[in-house]
Amino acid sequence: MLVGGRYEVNPQQPIPELDCGPATAYAATEVRGTARNVFALMSDPQFPLRHDIVPTIRRIDHNNLVRVLDWGVIDWPHDGRRRPAVIVERPGGPKVMSTLADQIEPFREEPLTRRVIQPFAQVLTELNYQGLVHRNIQPDNMFFDGNDRERALVMLGEGVSVPVGLVQNAAYAPIECCLAEPSGRGEGDASHDLYAFGVTLAALLIGQSPLFGLSDEEIAQRKIMQGSYTALVGSHRLPLPLLEVLKGLLNDDAAERWTLENLEMWIGGRRLSPKQQILPAKSSRPLELGGGTYVTARDVAAGLGKHWDAALTVVEDGTLDNWLRRSLSDESRTEAVSLARTEADSSDPEKADVVLAKVCIALDPQGPIRMRNFSAGLDGIGPLLAARFTDPDALEMFAKIIAANLPAYWMELCLKPKPDYYRHASSFERVRSYIDTPLMGHGVERALYDLNPTTPCRSPLLENDFVVNLDQLLPSLEHIAVSNPGILGNVIDTHIAAFVASRVKVTLTSEFRALHNPEDAFDAALSATRVLSVVQDSNPMEPVPALCGYLEKLLETGVDRYHNRTRRTEVLENLHVAATSGSFARLMAAIDNYEDRTNDEYEYRVSVGLFEETIMQLRQVAYEREHRAAYTYELGGQVASLVSGVAATVAILAIILMKLF
Amino acid sequence: MAETADKEGSSGKRRTGSVVTWIIAGVVLFAFYESIVLLLIGMAPTGVAMLFDRSPSRNQTRTVGYLNFAGCLPWVIDYWLVGGNFARIFEIFVDPMALFVMYSSAALGWLLFFAIRPIVGSYLAVSAEMKEKQIGRVQRKMEEEWGPEIRKDAEERTAEIADGDAVATAPIAPEAPVPENSETP
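These protein sequences, in sequence, are chains A and B. Residue numbers for the first sequence follow this note's numbering, so the first one is 407 and each next one is one higher. Residue numbers for the second sequence follow this note's numbering, so the first one is 909 and each next one is one higher.
Note that these hints are calculated values from the structure, not bench results. All values derive from a computational prediction rather than experimental measurement. Glycine included, each C-beta is placed from N, C-alpha and C at the ideal position. Any given hint could be a false lead.
As the list claims (entries may be wrong) - Here are some, though not all, of the chain B residues that point toward chain A, as calculated from beta-carbon distances under 10 Å: (1) ALA939; (2) SER943; (3) ILE944; (4) VAL972; (5) ALA978; (6) ILE985; (7) LEU1020; (8) LEU1032; (9) ALA1033.
Stated by the list, open to error - Distance windows between CB atoms, simulated: (10) ALA1015(B) with GLU1019(A): 55 to 61 Å; (11) LEU1063(A) with GLY925(B): 33 to 39 Å; (12) VAL1046(B) with THR986(A): 47 to 53 Å; (13) VAL1046(B) with GLU1007(A): 18 to 24 Å; (14) LEU1024(A) with ALA1015(B): 27 to 33 Å; (15) PRO924(A) with VAL1046(B): 25 to 31 Å; (16) GLY925(B) with GLU1019(A): 42 to 48 Å; (17) LEU1063(A) with SER1012(B): 56 to 62 Å; (18) ALA1033(B) with TYR1000(A): 49 to 55 Å.
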């Protein structure tokens, strides 16, 4: 069980104190025998890990950041399958908080600034410089690099082994993230890390995680009503100089929130006065919905999303309009909601959900895109789709969001769009073009892989493996071809097709169309081979003779396309040789040689013509037999007259000679 | 119009040729009437054969006629070399040897005609059998090389061609009608 050929994981030695959410920690050693103390985080294969950032984040060598060294997929004896493992350098001490429920001795101002704020600002700057976000900053992912809690370095844990938002407590996420489902909070940017850092500082100062024990909804509600700073810090008395930092980092307006530059300036001694956060306008009279009361536009949007069916009535019967005009008195929101209602055709019951989704966006343009129980930020739609892919309701809601082009609508109303939003918007446009196409390599499966570059292939064939890259696909299928070829079927199923289509640069539409053809098994097998050949050509990888051997059996029926029996034998021999070589390109060349097939067809047509002649000859012979008497009479007469003529000529010559001489 | 004129032209030529032939025949009959009489009597069996021979190719007549003529020729030459009148012709016919030779040669012609036909019939039977075997071998070899579908495809194509052009693909049949007295081997 080697990761990267360098780190050996010991499955018999768990280290529960180092677990990170669903990722469980196990002892590991570096086989080269260096003194480095490492451990492995075995990620849950149900969730995509952020393996794509490993090559970059491993380059960051900072004393206050737990170093991620490598990742890989290994056989895991506990559940008899392959699981991803992230190798991490082990900190010298325990977690700052073993769980968020812990209470610790509060940090004082000076040590906090020296041991946490200053080094962590450097770490965040380094991450930002590398174009990375951490998204798992909270006290239970921070370590002491030694057992002396007063003096040891404080280290930030890794953020690779679990997907963004899955384990981060809602208290540590900005309001717009709290309102989305955990898996739909999106990758975010540095401002999200700075907010989480601000909450972490507050937790360290007060000795416990703020708002712990409340539900995500309650946390969001409090943050909306009171503002994050008030909701999180509350009545705790904090050192005055640090209030400035906390207010800056916990600003609910991402554009007004402190940046890394602001933080560094503060560390450098320049005291800034963070802009006073303006709380959202509250209505004079609350809107009652589903048993709850709501007073701000953002609050109402959250309520509409929570009580969807009741919200449909509230929007339809004008209650919301009245509340907006008479109670909230926010002209811009009122106008946006009216526009949202008129843009969508609310008379169509099928469109009612879309109308409500647009109304929610109009009420809370910074909030998530909501569609019944599907709620995600713009960059969280893909991850949420991945997290709930087995839920048919979620798939239906996702399809509705894409069909109604809600991401574009969200961007239209977005008050301060970021450059990344346009990248996401173009992705959704692309998804929209194929999501309804009933073809392999298209549909919602393709959307899953296009929107989630790190998600593993969900094919039932690969359920015991963890295939996230194309270069892992063929070895995994080869393993199945060796161990259990009976389950391979036609090898390419809807998920593998979508996975490949999403990861390769060539268009494979015609191959996927042929894969749909149930009447021509050979054509389907040939298309599968062609798809796998594209995969094999896309990356230098080991030959796969067992998989080629399996496909050889499927392709053998293709020799029927050749007429000549000798050629068929030669093709089968070539096919076998190609299969042994483990190359799909050679396999295709052996069975699908255009020149050979053309020649064979031409020669066959010529031979049919010759055979036709023999049939005509046999018919002539049969006809002659049937009319033998006539032929005999005619031919016999001719022969007799010939013989008679010859004999008479000889006799005449002899007579003339005798008479004259 | 041109065709009609051509037809009229060729018909006129034939008529002219026929007239010329009859004139020449009349001249020859007048000049060699003794020889003609000799041949008419000596080749009487050929005349009988001509009466029974209904086939367009007249093979029976020719078979008998060639040898019958050869049998008459010595006396015709004798008559030409010695000369004489009708008395000389009469002398020839009263010579039993002369008539015997003339009619025997005709009989030999009859014999040839009837003897050769069974041989030819047997030859045709054997030849057809050999041809069938050879074609069968060729077909088997082709089926081994191309599979049974080649027969199916060829038969389908043959049927299509036969449907589209039945006359062109019909086997070549002899024009000769089978006479009532012909033998079937």
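We went through each hint and held it up to the structure:
no. : hint                                   : verdict
1   : ALA939                                 : violated (21 Å)
2   : SER943                                 : violated (14 Å)
3   : ILE944                                 : violated (18 Å)
4   : VAL972                                 : holds (7 Å)
5   : ALA978                                 : holds (4 Å)
6   : ILE985                                 : holds (5 Å)
7   : LEU1020                                : holds (5 Å)
8   : LEU1032                                : holds (6 Å)
9   : ALA1033                                : holds (7 Å)
10  : ALA1015(B) with GLU1019(A): 55 to 61 Å : violated (46 Å)
11  : LEU1063(A) with GLY925(B): 33 to 39 Å  : holds (35 Å)
12  : VAL1046(B) with THR986(A): 47 to 53 Å  : violated (39 Å)
13  : VAL1046(B) with GLU1007(A): 18 to 24 Å : holds (22 Å)
14  : LEU1024(A) with ALA1015(B): 27 to 33 Å : violated (42 Å)
15  : PRO924(A) with VAL1046(B): 25 to 31 Å  : violated (41 Å)
16  : GLY925(B) with GLU1019(A): 42 to 48 Å  : holds (45 Å)
17  : LEU1063(A) with SER1012(B): 56 to 62 Å : violated (21 Å)
18  : ALA1033(B) with TYR1000(A): 49 to 55 Å : holds (51 Å)
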